[in-house]
Structure formats: C-alpha cells, structure tokens
Amino acid sequence: SEFPTTSSHIDVDSIVSMMVSGNSTMMHLFYGVPPRYIREEPYVTVANKFSSSTAKEISIKHIKNAHVYSIQGVASYLGGDITSGILATDMYREKELALFLDLGTNGELVVGNSEWMMGCSCSAGPAFEGGGVKCGIRAVDGAIEKISISQKTYKCQIEVIGGGKPRGICGSGLIDVVGEMYLKGVIDRKGKFNKDIGNKYLRCADDDCQYILVEGKNSATGEDIYISEVDID
Numbered sequence: 001s002e003f004p005t006t007s008s009h010i011d012v013d014s015i016v017s018m019m020v021s022g023n024s025t026m027m028h029l030f031y032g033v034p035p036r037y038i039r040e041e042p043y044v045t046v047a048n049k050f051s052s053s054t055a056k057e058i059s060i061k062h063i064k065n066a067h068v069y070s071i072q073g074v075a076s077y078l079g080g081d082i083t084s085g086i087l088a089t090d091m092y093r094e095k096e097l098a099l100f101l102d103l104g105t106n107g108e109l110v111v112g113n114s115e116w117m118m119g120c121s122c123s124a125g126p127a128f129e130g131g132g133v134k135c136g137i138r139a140v141d142g143a144i145e146k147i148s149i150s151q152k153t154y155k156c157q158i159e160v161i162g163g164g165k166p167r168g169i170c171g172s173g174l175i176d177v178v179g180e181m182y183l184k185g186v187i188d189r190k191g192k193f194n195k196d197i198g199n200k201y202l203r204c205a206d207d208d209c210q211y212i213l214v215e216g217k218n219s220a221t222g223e224d225i226y227i228s229e230v231d232i233d
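All letters in the sequence shown, in the order written, are residues 1 to 233 by UniProt numbering.
By construction, these hints were calculated from the structure, which means they are not laboratory data. Keep in mind the model is a prediction, meaning the values are calculated, not measured. Check the hints yourself; a few may be wrong.
What the hints assert, rightly or not - Derived PhoX-like pairs (lysine-lysine); straight-line CA-CA distance at most 20 Å:
id: 1; residue 1: K155; residue 2: K95
id: 2; residue 1: K195; residue 2: K155
id: 3; residue 1: K165; residue 2: K155
id: 4; residue 1: K152; residue 2: K195
id: 5; residue 1: K184; residue 2: K146
id: 6; residue 1: K146; residue 2: K134
id: 7; residue 1: K217; residue 2: K134
id: 8; residue 1: K95; residue 2: K61
id: 9; residue 1: K134; residue 2: K165
id: 10; residue 1: K165; residue 2: K217
id: 11; residue 1: K165; residue 2: K146
id: 12; residue 1: K155; residue 2: K61
id: 13; residue 1: K195; residue 2: K184
id: 14; residue 1: K200; residue 2: K184
id: 15; residue 1: K192; residue 2: K134
id: 16; residue 1: K195; residue 2: K217
id: 17; residue 1: K184; residue 2: K152
Input sequences plus hints: build the corresponding full structure.
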C-alpha cells in the first residue's frame with residue numbers, strides 16, 4: 001500500500017504510530033485476513049481484535065517502522081468503527097440514554113449510557129430502498145416519504161417525492177409510518193395491530209393485517225398502498 005505523504009508535506013520518518021478503525025470486513029481486508037467467514041454460518045469473524053504490528057508486517061510502504069494499532073470490534077457485525085463512534089460521542093460517559101446510529105448498506109445501532117450498552121446490526125440498505133416490504137420502492141418520484149396519521153380518523157396524510165399520486169413507500173416513509181402508528185395506538189410495542197380501536201383503514205384476513213395508507217383510487221397504480229404486520233416484522 002502507498003501512504004499519501006507528499007501533498008501534505010509530512011516527513012515520513014516522523015510517523016511512529018498509526019491508528020486504524022473500520023468495520024469487521026474492512027479490518028480483515030486491511031490485515032490480510034480472509035473475511036469470507038462473516039458471510040457463512042455461523043457468521044463469525046476470524047477476530048474482533050487484532051494485535052499491534054509494524055507497518056512493514058502488513059506491507060505499508062514508506063513508514064515501515066511505524067507501529068499500527070486498531071480499534072477493536074465488539075462482535076461480528078459490530079466492528080471497530082462502532083467502538084470509535086461510541087468513543088467519539090462520549091455516550092459511554094453520559095448518564096442520559098443515547099442512541100448511536102451508523103446507517104449504510106448495513107446498519108448498526110447502540111443504545112445505552114455510562115452504566116450499560118446494547119448493540120445490534122441490521123441490513124439497512126434494502127430497508128431504506130423498500131426491500132422486503134410489499135409496497136416498498138426506492139426513494140424516487142412517486143415514493144411516499146413522509147406520513148402523519150389523524151388521531152380521530154386514522155387516515156394518513158402523505159408527502160410524495162416529486163408530487164403527484166404515490167406508487168409506493170420508501171425508507172423514510174416507513175420510519176415515519178411505524179412511529180406514527182405506535183404514537184396513535186394503531187400498533188403496540190411489539191408491532192402488532194390494535195384491532196379494537198375502530199380503524200376502518202385496518203383490514204385483517206387470515207393471519208395478516210394490512211393498514212391502508214393510500215386507497216387504490218388515489219394511487220398511481222390503482223391499487224392500495226399499505227403496510228402489513230409481515231412488513232413490520
């Protein structure tokens with residue numbers, strides 16, 4: 001690997017140490033460790049913590065004598081980048097609860113304070129593109145991006161990217177509608193629909209319930225746009 005020192009006028013001989021932080025896959029690649037096991041059951045990394053080494057040992061040119069250190073990860077899908085975020089935000093020092101989010105193709109979430117912390121990861125990319133949601137679409141013209149729900153009628157008021165009639169709902173709309181449904185009592189804390197509130201926009205059949213966001217007569221496709229318990233799960 002090359003080290004960019006010329007343009008910044010740094011004397012490479014003055015570099016004595018280097019700190020590296022990244023997600024689990026990036027750290028494996030950086031240290032030349034095969035990352036394929038992260039994608040194979042049981043989905044574990046070769047290591048969450050890497051020993052310090054010299055730049056020469058990992059083939060970094062020009063600063064061969066510098067020591068290289070890395071921020072350790074917590075678990076297979078909570079890498080050193082998340083540890084760095086926690087350290088940078090000082091949330092581990094605070095008494096108040098805080099939520100740290102790192103959203104990309106994968107999403108990582110950490111909630112906690114100085115006394116405790118919990119973290120998890122999820123596949124954020126597909127979710128924000130409407131993946132796995134029956135009426136989900138990417139954030140393009142015709143996508144519902146914002147929703148509010150009337151407490152009296154439970155009818156949805158929507159905002160659509162590009163204006164006009166909606167064709168589906170994108171990630172920001174999904175976040176909005178789930179939050180609104182919980183605040184207005186449409187769903188409980190487990191994401192299950194409340195069937196006892198007299199909501200005419202809630203339709204249940206067999207083992208699934210659907211909450212109608214936009215009726216077919218008002219959509220660009222002529223079909224209802226809805227969110228179901230399966231979508232929420």
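Pair hint outcome, K192 versus K134 [Cα-Cα no greater than 20 Å]: 17 Å, holds
Hinted pair K184 and K152, Cα distance within 20 Å: 9 Å, holds
Proposed proximity, K195 with K152 (alpha carbon, max 20 Å): With Cα atoms ~15 Å apart, K152 and K195 stay inside 20 Å; holds.
K155 paired with K95 [C-alpha distance capped at 20 Å]: 39 Å, violated
Straight-line alpha-carbon gap K165 to K217, limit 20 Å: 10 Å, holds
Hint consistency between K200 and K184 [alpha-carbon to alpha-carbon, up to 20 Å]: The hint holds at about 14 Å.
Straight-line alpha-carbon gap K195 to K155, limit 20 Å: Judged against 20 Å, a Cα distance of about 15 Å means the pair holds.
Pair hint K165 and K146, alpha-carbon separation not exceeding 20 Å: Given that 20 Å is the threshold and the Cα spacing comes to 14 Å, the pair holds.
Proposed proximity, K217 with K195 (alpha carbon, max 20 Å): Distance ~24 Å between K195 and K217 Cα, so the pair is violated.
Pair hint K217 and K134, alpha-carbon separation not exceeding 20 Å: Cα-Cα ~18 Å, so holds.
20 Å limit on alpha-carbon distance, applied to hinted pair K95 and K61: 44 Å, violated
Given hint K184 paired with K195 - CA-CA distance at most 20 Å: 13 Å, holds
Going through the hint list in order, the structure does not satisfy hints 1, 8, 12, 16.
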